[in-house]
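Visitor: If you want the building blocks of each chain, they are given just below.
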Amino acid sequence: MKDQAWSLAIDIGGTFTDLALLDPHGNVITHKILSTPDDPNRAVLQGCQEILRGLSSPSVDRVIHGTTLVTNAILERRGARTALMTTQGFRDVLEIRREGRYDLYDLKLEFPEPLVPRDRRFEVRERLDDQGKVLEAISKEEVHRVLDQLKSYQVEALAICFLHAYANPQHEQLAREWCLDHESALSVSISSEVAPEIREYERTSTTVANAYVQGVTRGYLTDLSKNLNSLGLSKAPTLQIMQSDGGMMTPDAAQHLPIRLVESGPAGGVLAAARVGIGLGDKNVVAFDMGGTTAKIAFIEDGKPRVQSTFEVDRQHFYRKGSGLPLLVPSMDLVEIGAGGGSLASVGPLGTLLVGPQSSGADPGPACYARGGTKPTVTDADVVLGLLDPEYFLGGKLTLDKDKAVHAIQQAVANPLGVSVPEAAHAIYETIGSHMAEAARVHAAERGLDLQNHTLVAFGGAGPVHAWSLAKQLRLKRVLFPTHAGVASCLGFLGAAPAFEVVQTQVVDLTQLNMEKASQTLSFLTDRAKGILGSQASRHPHREVRVDMRYQGQGSEIQVRLGDVDQLTQDILRSHFESTYQKLYGRTIQGIPIEIVTWRVRLEGDPTAVPPFDAASEGVASKPLPVLKRSREAWLPGGTQPEEVCVVRRQDLEEGTAIEGPLIVEEEQSTLILGHGRGRVLKGGALLMELAS
Amino acid sequence: MSYEDLELGIRWERLQSIVEEVATVLLRTSFTPVVREAGDLSAGLFDRRGRMLVQAVTGTPGHINTMATAVEHFAKAFPLDSLEPGDVLASNDPWLTSGHLHDITMVTPLFHGKQAIGWVANTCHMADIGGRTLGAEALDVFEEGLYLPIIKLFTQGGMDPNMQQLIVANVRVPEMVLGDLQSMALANHRAQDRLQNFFEDTGLRNLEALSDAICDRSEAAVRERIAALPDGTHSGEVELDGYDAPIVLRAAITVKGDELTVDYTGTTSQVPQGINVVLNYTHAYTTYPLACVLSPDVPHNAGSFRPIHVKAPEGCILNAVSPAPVAARHIVGHFLPGAVFDALRGFVPDRVPAHGNCGLWASHFEGERPEGSRFVFTLFSNGGIGAQNGVDGLSATSFPSGVQNVPAEIIEATTPLMVHQRALRENSGGRGEWRGGLGQTLTLSVRGPGAVHSCIYERIKNAARGAMGGEDGAPGEVILDDGTRPHSKQKYFLKGGTRVTLKLPGGGGYGRPKNRKPELQARDQQLGLEKKTS
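Protein chains in written order, with full-length UniProt numbering: chain A, 1 to 693; chain B, 1 to 534.
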C-alpha cells in the first residue's frame with residue numbers, strides 16, 4: 001500500500017499559490033497559479049483540481065500545507081475583535097513595548113497599532129511572584145467584573161496574560177475556566193500555553209496575536225478540509241500544516257496555536273536548501289531566495305537550518321528590527337533584504353547609485369513589463385545586460401520590452417551619472433549584489449559564523465540570475481542550482497517532518513539547579529510536545545533539548561544545544577554553555593555565575609517522503625554539452641564589458657553533462673547566469689558549479 | 001563623471017559594512033549592559049590623513065563625531081608610519097575622546113602590505129573604570145576613575161603586561177574589563193581582514209581618493225541643505241532643574257550661506273557635580289538633531305561635519321574645563337536636541353518637534369536581598385517625546401538615546417525589586433493640534449530590608465514646553481506611598497515594602513489645542529489617554 005502513496009504540497013504565497021505532487025517513484029509534478037487573497041481556498045481548490053487532472057484516481061494520502069493566512073490577517077487587521085485580561089498595573093505593556101526606537105534619525109517614527117486597543121485591555125487583581133508563588137489570589141468576582149465590562153465591546157476573542165504566568169499557569173487557567181463558564185463562544189488564549197517564556201511584553205504580544213487569528217484559522221482549515229474532501233480522492237488525505245520553524249503540525253494543533261503558522265513559506269525554501277545540501281554531502285549551505293521585492297538568505301550549519309525563537313510581524317520598516325510586533329514563535333533565522341527583480345534604481349542625493357529597498361511591486365512592475373512602469377528596476381538592468389532574454393521570460397509567457405528598459409535606465413541613471421546605459425545597468429546589477437552580500441556578512445558576523453566553506457543554493461525567480469554575483473562577493477566556492485527552484489517551498493514541505501517545540505522559563509543559578517526538578521521539567525515538556533504532535537508522532541520522535549543561558553547580569557541569553565540528553569548534570573550544562581559561548585564570542589568569562597533562563601524541547605518525527613533532490617549525486621561529468629546553436633552578448637558578473645555567451649535550455653541538459661562557464665542556462669521559471677567556472681549536471685537535474693578562483 | 005565613479009556607491013557601502021561588522025562584534029561580546037541594550041558604542045574608519053570616512057550606525061548619538069576628532073589626537077601622539085601591525089592605541093581622556101572615563105577609545109593602524117593606509121577606531125562603554133561608580137558625586141575627574149592618556153596598549157605580542165596589571169588593579173570587575181578590551185582589539189582586527197579583501201577585490205592601494213570622494217560629496221550635500229535655509233540667527237533654550245540649581249542651555253543658530261554655526265553663549269557655567277559636558281560631547285549632541293532635521297540621509301564622515309561649527313564659551317557647562325567632573329554628562333547633554341530644535345524652528349517651523357522628556361530617568365538601587373546577599377541594579381525609563389506638525393509625540397519612548405527598559409518579570413526574577421505598575425501616564429501629554437507623548441507611571445518597591453535608591457531624574461520643576469501654541473507636557477514627580485517626595489537627584493533609603501511611584505514627564509504639544517481634529521481627540525478620550533473635558 002505504501003508505495004501507492006502520493007503527497008501533495010500546497011504553499012500559498014502573496015502572489016502565487018504553488019503546488020507540488022510527489023508520486024510513489026519520487027517524481028514531482030509542479031503547478032503554479034495566481035493566489036486569491038480574498039478567499040485563499042479558492043486558489044487551493046482550483047490548483048488541486050488542475051494538478052490532479054489527468055491522473056487516474058491517485059490516492060493522495062497526505063497534504064502538506066503552508067499559508068500566509070495568519071500573517072495577512074495581522075497585516076490587514078482582519079482578525080477577531082479581541083480583548084486582553086492582564087494583571088493590575090500592566091495593561092499598557094503592549095503600548096510601552098521596550099521603550100526603544102528602531103531608527104535613530106527618523107523623527108516621525110511609527111510603531112504598529114496594537115492588535116488590542118487600550119479600551120479593550122482590562123486589569124484584574126491577582127499576583128504571582130517570579131517563582132510562581134501566589135502573592136494575591138485571583139477571584140471569580142474579578143473575572144466576572146471584566147466579563148461584564150466586555151459585554152459592551154462585542155468581543156470575539158480574549159487573550160489572558162498574567163505577570164509570571166510562565167512560572168505558574170494556575171491563575172490563567174482559572175480565569176479561562178470562569179470566562180468560558182459564562183461566555184462559551186469566546187475564543188480564549190492563555191499565555192502559559194501559547195508562550196510560557198519570561199518577558200511580559202513579548203509574551204503578551206504573542207498571546208494576543210494567537211487569540212486574534214484563531215477564529216480566522218479555524219474557519220479556513222474547516223473550508224480547506226471540505227475542499228480536499230470534494231476532490232474525489234479515494235480516501236480523505238491526512239492534512240499537515242507547516243510551521244514557521246519547518247516542522248509540521250496537525251490541523252487540531254494549528255487551530256489551538258495558529259500563531260505558529262506565521263512565517264511558514266520561507267521555512268519551506270530553507271528546508272529544501274538544507275536537503276539539497278545533505279544530498280550533496282555539503283552540510284553547510286547559504287540558502288538564497290530572491291523574488292520580486294525581497295531576497296532572503298539563511299545559513300544552514302551541519303545540515304540543520306538555524307532556528308530563532310522570536311519573529312517580528314507587521315514591521316513598519318520592513319528591514320528594521322524593533323519596528324514590528326514581536327512573537328515568541330520558533331522560526332527560521334533568515335535575513336531579509338529589500339532586493340528583488342522589482343527593486344528600483346535611482347541616483348541619490350550624494351550622486352551615488354541607489355538600488356532598493358523600494359520596489360516597483362507587481363503593479364506597474366519593471367519598465368520592461370510595459371505595464372506603465374517608467375522607473376528602472378533590477379529586472380530592467382538584467383534585460384539590458386543580456387542576462388535575460390526578453391522573448392523567453394517566464395518561458396515566453398511574458399515578452400519584455402527591452403527598449404523601455406533602456407529608456408528607463410537612460411533617464412533615471414545613465415544620463416544623471418553621465419555614463420552609458422550598459423555601464424549603468426551593470427552598476428545596478430553589481431550594487432544589488434553588494435547589498436545582499438553585505439547584509440549576509442553582517443548577519444553571519446552576528447552569529448559568529450564563517451561562511452568560507454559554504455555552498456550557495458539559489459532559489460526564486462531572480463535567485464539564479466544573481467547567485468553568481470553574490471557567491472563571488474561572499475567568496476564562496478560552489479553554487480548549486482536545484483531543479484524546480486520556482487516552487488522550492490513546496491519541495492521543502494514534501495521533505496518536512498512533523499515537529500513541535502515547547503518552552504518553559506525557569507530562571508535559576510546553574511549551581512542552584514535541582515537536577516530532579518530539571519528532569520521533571522524536561523519530561524513534562526516532552527510529554528506536552530508529544531501530546532501536541534498527536535497521531536503524527538507514531539514512531540519514536542527525535543528529541544532536541546536547548547537551553548537559554550547567560551552569565552548573570554547579561555541582558556540576553558544564548559541558546560545552548562544539548563541534543564537528546566539523558567543524564568543532565570551541572571557539568572554538562574556548564575561545558576555546553578561555555579563551548580557555545582566560546583564559539584560565538586571567542587572567549588568565556590571566569591568568576592561570573594551562569595544562569596539558566598528557559599528550557600526548550602523540540603520533538604521531531606521522521607519525514608514521510610523524500611523529494612528527488614535528496615538523491616546522492618556521485619558520478620563524473622562525462623557527457624559533453626549539447627551542441628550550442630545560440631549565443632548572445634551579455635555582461636557577466638564581475639566582468640569589465642559585455643562578451644558573447646552561449647545559451648542553452650535547461651531541459652536539454654542530461655545528468656552527467658559537463659558544464660563550463662561562462663554560460664547562460666534558461667528555464668521556464670528563471671535564468672541561470674554562470675560566470676567562469678566548471679561543473680556538472682547532477683542526478684535529478686540540479687546543476688553544481690565550482691567558481692574559478 | 002566616469003565609470004569609476006559609478007562604483008563609489010558599492011565601495012562606500014563596503015566600507016560602511018566593515019564598520020558595521022566591527023560594531024556587531026562589539027555588541028555581541030560586550031559585558032556592559034548599556035552597550036548591549038542600547039548600542040552605546042561606536043566604530044569608524046579613517047584614511048592616512050586621519051579623516052573619518054565611515055562610522056557605524058549605532059544605538060546612541062553620543063559618539064557621533066567625537067571619534068572623528070579623537071583620532072587626530074592619537075595620530076599626533078603616535079604618527080602612523082611609526083606604528084607596526086599588531087599595535088593598538090587606547091585612551092579614555094574625556095577631553096580628547098568621548099566625554100567621560102567610562103568610554104575607552106581604541107585605535108588601530110591599518111595596513112595594505114607594509115604600507116600603513118589609515119586607522120580603525122572603536123569606542124565602548126566599560127563595565128567599570130574604578131573611582132566612584134558612575135554618578136554625579138565626584139568633585140573632579142580624578143575621583144571618577146582610572147585616567148588613561150593615549151598609550152600603546154597592544155603590540156604584536158599582545159597586551160602590554162604593565163598596563164594590564166595597572167588596569168586590573170584599578171577596576172572592580174577586572175575579568176569583564178580585560179575581556180572587553182580584548183574584544184575591542186579583536187573587533188578592530190576584523191576591519192583589517194575585511195579591508196584586505198576589499199583591496200584585493202577593488203585593486204585599490206589606499207583609501208585616499210575614495211576618502212576625497214566620500215567626504216566631498218557628503219560635505220556638498222550638507223552645504224546644499226544648509227543653503228536652502230534662510231540666512232539669519234535664531235535662538236532657543238532649554239531650562240533644566242539641574243543638580244541643585246537651575247541650568248539653562250541657550251543655543252543660537254546662525255546660517256550664513258552654506259555654513260551653520262551653533263553658539264551656546266549664555267549657557268550656565270560648569271557646576272561642581274559630575275554633570276559637566278566636554279565640547280566633543282556637546283558637538284555630538286548638536287550635530288545629531290541637526291542631522292535628524294536637515295540631513296538624515298547623509299552619512300557621518302569628516303566631510304559632513306565641515307559646514308557645521310559648534311561653539312561654547314570655555315568654562316560653561318557645555319565646554320567644561322579640566323579637571324571638572326564629567327561622569328554623568330548625559331544628564332545635561334541629552335537635552336541639547338531640545339535647544340537646537342527650538343533654534344531651528346526659526347528656520348523650519350514645520351519640521352521640528354516640541355520639547356520632550358529627553359533625559360533618561362536612571363534609577364539605581366543598591367541593597368540587600370531578603371536572604372542577605374548584596375544586589376546592585378540600574379533601571380532606565382523614558383517619558384514622552386514632543387509632538388510635531390503632523391504627528392503626536394511617541395509615549396514612553398527613548399530620545400535622543402536608544403536605551404530600552406528592562407521587563408518587569410526580569411527585574412523581579414533577578415533583583416528583590418517588585419514592579420507594581422508600568423502604565424501610560426494619563427493626561428500627561430501636552431495638549432495641542434498634535435499631542436505630546438505620554439509619560440509613564442512606574443511603581444516599585446523592594447522586598448527585604450530595603451535599598452538605597454539613587455535618583456537621577458530631570459524635568460520635575462521644568463516641564464517639556466509646547467511649541468507653536470501647544471501646551472506643556474506634565475512635569476515629572478517622585479512620590480512615596482506616605483506622600484514624601486524624595487530629592488530628584490539624590491540618594492535616600494527606600495524601606496522594604498514602601499512603594500515609590502515615578503511619574504515620568506510627558507512631551508510638549510504642537511499647535512493650538514483648539515485645532516486638534518475632533519476624531520483624534522475623541523479617540524484619545526475613548527482610549528483614556530486624555531480626560532474628557534466639559
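Worth flagging that the hints you see were computed from the coordinates, not collected in a lab.
Since the model is a prediction, treat every value here as computed from it, not as a measurement.
A portion of the hints provided could be inaccurate.
As the list claims (entries may be wrong) - No more than 25 Å apart at the CA atoms, straight line, and that leaves these computed lysine to aspartate or glutamate pairs for DMTMM-like:
id : chain 1 : residue 1 : chain 2 : residue 2
1  : A       : Lys477    : B       : Glu13
2  : A       : Lys404    : A       : Glu391
3  : B       : Lys503    : B       : Glu239
4  : A       : Lys283    : A       : Asp564
5  : A       : Lys583    : B       : Asp350
6  : A       : Lys32     : A       : Asp509
7  : A       : Lys133    : B       : Glu368
8  : A       : Lys304    : A       : Glu123
9  : A       : Lys108    : B       : Asp350
10 : A       : Lys133    : B       : Glu371
11 : B       : Lys532    : A       : Glu123
12 : B       : Lys503    : A       : Glu123
13 : A       : Lys530    : A       : Glu516
14 : A       : Lys583    : B       : Glu426
15 : B       : Lys531    : A       : Glu123
16 : B       : Lys531    : A       : Asp566
17 : A       : Lys583    : A       : Asp509
18 : B       : Lys532    : B       : Glu426
19 : B       : Lys76     : B       : Glu208
20 : A       : Lys375    : B       : Asp297
Unchecked claim - To be clear about the criterion: a stretch of chain A counts as covered by chain B if any three or more of its residues have a C-beta under 8 Å from a C-beta of chain B, and this derived list gives those stretches:
id : region
21 : 84–92
22 : 432–439
23 : 450–458
Stated by the list, open to error - Incomplete in silico selection of chain B near chain A, CB under 7 Å:
id : residue
24 : Ile10
25 : Glu20
26 : Leu148
27 : Pro174
28 : Ala221
29 : Ala228
30 : Thr254
31 : Asp258
32 : Ala396
33 : Glu426
34 : Leu527
Note that the Cβ used here is the ideal one computed from N, Cα and C, for glycine as well.
Visitor: Hint by hint, say whether it matches the structure.
Guide: Now for the hints, and whether the structure bears them out:
no.	hint	in the structure
1	Lys477(A) x Glu13(B)	holds, 23 Å
2	Lys404(A) x Glu391(A)	holds, 14 Å
3	Lys503(B) x Glu239(B)	holds, 19 Å
4	Lys283(A) x Asp564(A)	holds, 20 Å
5	Lys583(A) x Asp350(B)	violated, 51 Å
6	Lys32(A) x Asp509(A)	violated, 53 Å
7	Lys133(A) x Glu368(B)	holds, 21 Å
8	Lys304(A) x Glu123(A)	violated, 43 Å
9	Lys108(A) x Asp350(B)	holds, 12 Å
10	Lys133(A) x Glu371(B)	holds, 17 Å
11	Lys532(B) x Glu123(A)	holds, 21 Å
12	Lys503(B) x Glu123(A)	holds, 20 Å
13	Lys530(A) x Glu516(A)	holds, 21 Å
14	Lys583(A) x Glu426(B)	violated, 48 Å
15	Lys531(B) x Glu123(A)	holds, 19 Å
16	Lys531(B) x Asp566(A)	violated, 59 Å
17	Lys583(A) x Asp509(A)	holds, 22 Å
18	Lys532(B) x Glu426(B)	holds, 11 Å
19	Lys76(B) x Glu208(B)	holds, 19 Å
20	Lys375(A) x Asp297(B)	holds, 21 Å
21	84–92	holds (count 5)
22	432–439	holds (count 3)
23	450–458	violated (count 0)
24	Ile10	holds, 5 Å
25	Glu20	holds, 5 Å
26	Leu148	violated, 22 Å
27	Pro174	violated, 9 Å
28	Ala221	holds, 5 Å
29	Ala228	violated, 12 Å
30	Thr254	violated, 23 Å
31	Asp258	violated, 15 Å
32	Ala396	holds, 5 Å
33	Glu426	violated, 10 Å
34	Leu527	holds, 4 Å
Going through the hint list in order, the structure does not satisfy hints 5, 6, 8, 14, 16, 23, 26, 27, 29, 30, 31, 33.
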